[in-house]
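Using the hints provided, position chain B relative to the given structure of chain A.
Number of protein chains: 2
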Amino acid sequence: MSASLVSIVEVGPRDGFQPIGEFIPTALKALLIDMLYDAGIRRMEATAFVSPRAVPQMADAPQLLAHCATKPGLDIQVLVPSQRQAERALAADARHLAFVLSVSPKHNQSNVLRTPQESVEDFRAIVALLPPDAKIRLNLATSFDCPFDGPVDPAATLNLVEALAKVSAEAEYCLCDTTGRVTPDRVGDLFRSAKERFPQLRHWAFHGHDTYGLGVANALAAFNAGVSVIDSSFGGLGGCPFAPGATGNVATEDLIWTFAKMGVATGIDLSRLLEAADKAATLPGACVGGRVRDALNAQTRREEMA
Amino acid sequence: MSASLVSIVEVGPRDGFQPIGEFIPTALKALLIDMLYDAGIRRMEATAFVSPRAVPQMADAPQLLAHCATKPGLDIQVLVPSQRQAERALAADARHLAFVLSVSPKHNQSNVLRTPQESVEDFRAIVALLPPDAKIRLNLATSFDCPFDGPVDPAATLNLVEALAKVSAEAEYCLCDTTGRVTPDRVGDLFRSAKERFPQLRHWAFHGHDTYGLGVANALAAFNAGVSVIDSSFGGLGGCPFAPGATGNVATEDLIWTFAKMGVATGIDLSRLLEAADKAATLPGACVGGRVRDALNAQTRREEMA
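For the record, the sequence lines run as chains A and B.
The first sequence runs 151 to 456 under the working numbering.
The second sequence runs 151 to 456 under the working numbering.
A few of these clues could be false.
Any copy will do: because identical chains look the same in the list, a pair fits if it lies in one copy or spans two.
[As the list claims (entries may be wrong)] Computed cross-link-like contacts, PhoX-like style, restricted to lysine-lysine with a CA-CA straight-line distance of at most 25 angstroms:
id: 1; residue 1: Lys-316; residue 2: Lys-256
id: 2; residue 1: Lys-316; residue 2: Lys-345
id: 3; residue 1: Lys-285; residue 2: Lys-411
id: 4; residue 1: Lys-285; residue 2: Lys-316
id: 5; residue 1: Lys-345; residue 2: Lys-411
id: 6; residue 1: Lys-256; residue 2: Lys-411
id: 7; residue 1: Lys-285; residue 2: Lys-345
id: 8; residue 1: Lys-285; residue 2: Lys-429
id: 9; residue 1: Lys-285; residue 2: Lys-221
id: 10; residue 1: Lys-316; residue 2: Lys-429
id: 11; residue 1: Lys-221; residue 2: Lys-316
id: 12; residue 1: Lys-429; residue 2: Lys-221
Derived by calculation from the structure, the hints in this document are not laboratory data.
Predicted model, so just to flag it, every value in this text is computed and none were measured.
Chain A extracted, bound-state conformation (with noise of 0.2 angstroms):
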């Protein structure tokens, strides 16, 4: 099953610049999202309300949250932790959350300091708190692999989604590759295991990384089984600066010249995004990924060669 359009969630300004040691001056960060808003994106994972003290570079999220604001028809989501997070999120008028949580107890562990089961918890009282225009994603991390303890049982993934699905059926579940070290099949069949069992969940979104070049295709096994939300980073941003080749998000622009290819509309304008992503290539300390931007650059140089 494929749609004919899907929805690209840009995810760089929070996962991108996450792990860039040097901190990017609010300026700077607005810049970027004022190009990606310009390119035509339409859904940004913006910030996270995180502890400062443990994020610096997060620090600025509702400065980022009140300048993304102006900007009409912009579907601004923010990653939250914690209920205390949550609540400055809301605090800052944030009205789109997304709660990350991880399949694996080590992963949850490690990242909140939770077990699974006292994070579904969290999202309880995370929704309860919800005021009623406000949207809620769950990002499910270490959904088919966990950087320590390799692959993660479906059957745990499926029982996660099951507790949050009795906590609400309106959120949207958002499976994520954490380690990039999935295959497309794996994705393939735990999204179709995961609508044929939980029909009463409509929102689904997938979020891979392109770590071991599997980025793009997992996002088509996504698609092909139904989900048309897709998580990407502009410029392939969210590697760790400390392990050059350990690369970040799947690009944005691998996915959408790929989609562009396919004939499936993403409302995005390639040449405007690459702008952005070339600028964001320029970040001190990040890492970049994706091969779209290379290669057409290299044609271009080609071209101007030639």
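For chain B alone, kept in the frame of chain A given last:
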């Protein structure tokens, strides 16, 4: 449909070395071939019989062929673009020829100075030359997309296959994505159409480039359409040294890493293959590609730092 094993054709020694301007000493080529063989590669496009004036890098084809012939169980495929070169290859004891022609008339003209129909006649002449113990593959360049004319009509590819099928039903038909611009949906569709239209052809293969990051995705699409012979190049060699970013063949290590995760046997040892790829990456003028090598090297560095 999927098979439980896949046969990798390592094309690095031909497609990978060919665009490298600086001559790679024959002994070094032989050493890299040895490393590939020791990693478990059992089918290889080892060299090309082409005009040494036009492609000096391939001038040592007879010596390399003789070197490969010492390796038990190695299926040694050599590229030939014309009847005359096929005669040279057979005289040097080649027993597996790969004849290249292009679906796109403009590309065929540029590559071998023939119309596709003239190349079909060349193929007929070559088939007539083959001793009983020889095999032949057809590399149908630009089966999906042409660097000059863009997307290729599937009907053009299928019609060329039809003309060739009248000459030989025993040949292996390799549909090649020369530009890296095809998407997985089109790869799957074309192979399914071809297999349905030509039930008499039993040997199919796919050859793809990773220029836009779809190399593995396209190979998997071919595999899922029942194609179990896939070309790839160690280190992702095969790019154009004058156009950085225009990377080459899909990397063998990316494919075998992915197939291993999927439980599909390739018979190839990843860590030994990576040694060969690491060595190839040091060749002066080599443009390497792929993602798995960098990701695993980064992982090793992380572990060493931990």
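> Going back to the hint list, which numbers does this structure go against?
Replying inline: 3, 8, 10, 11
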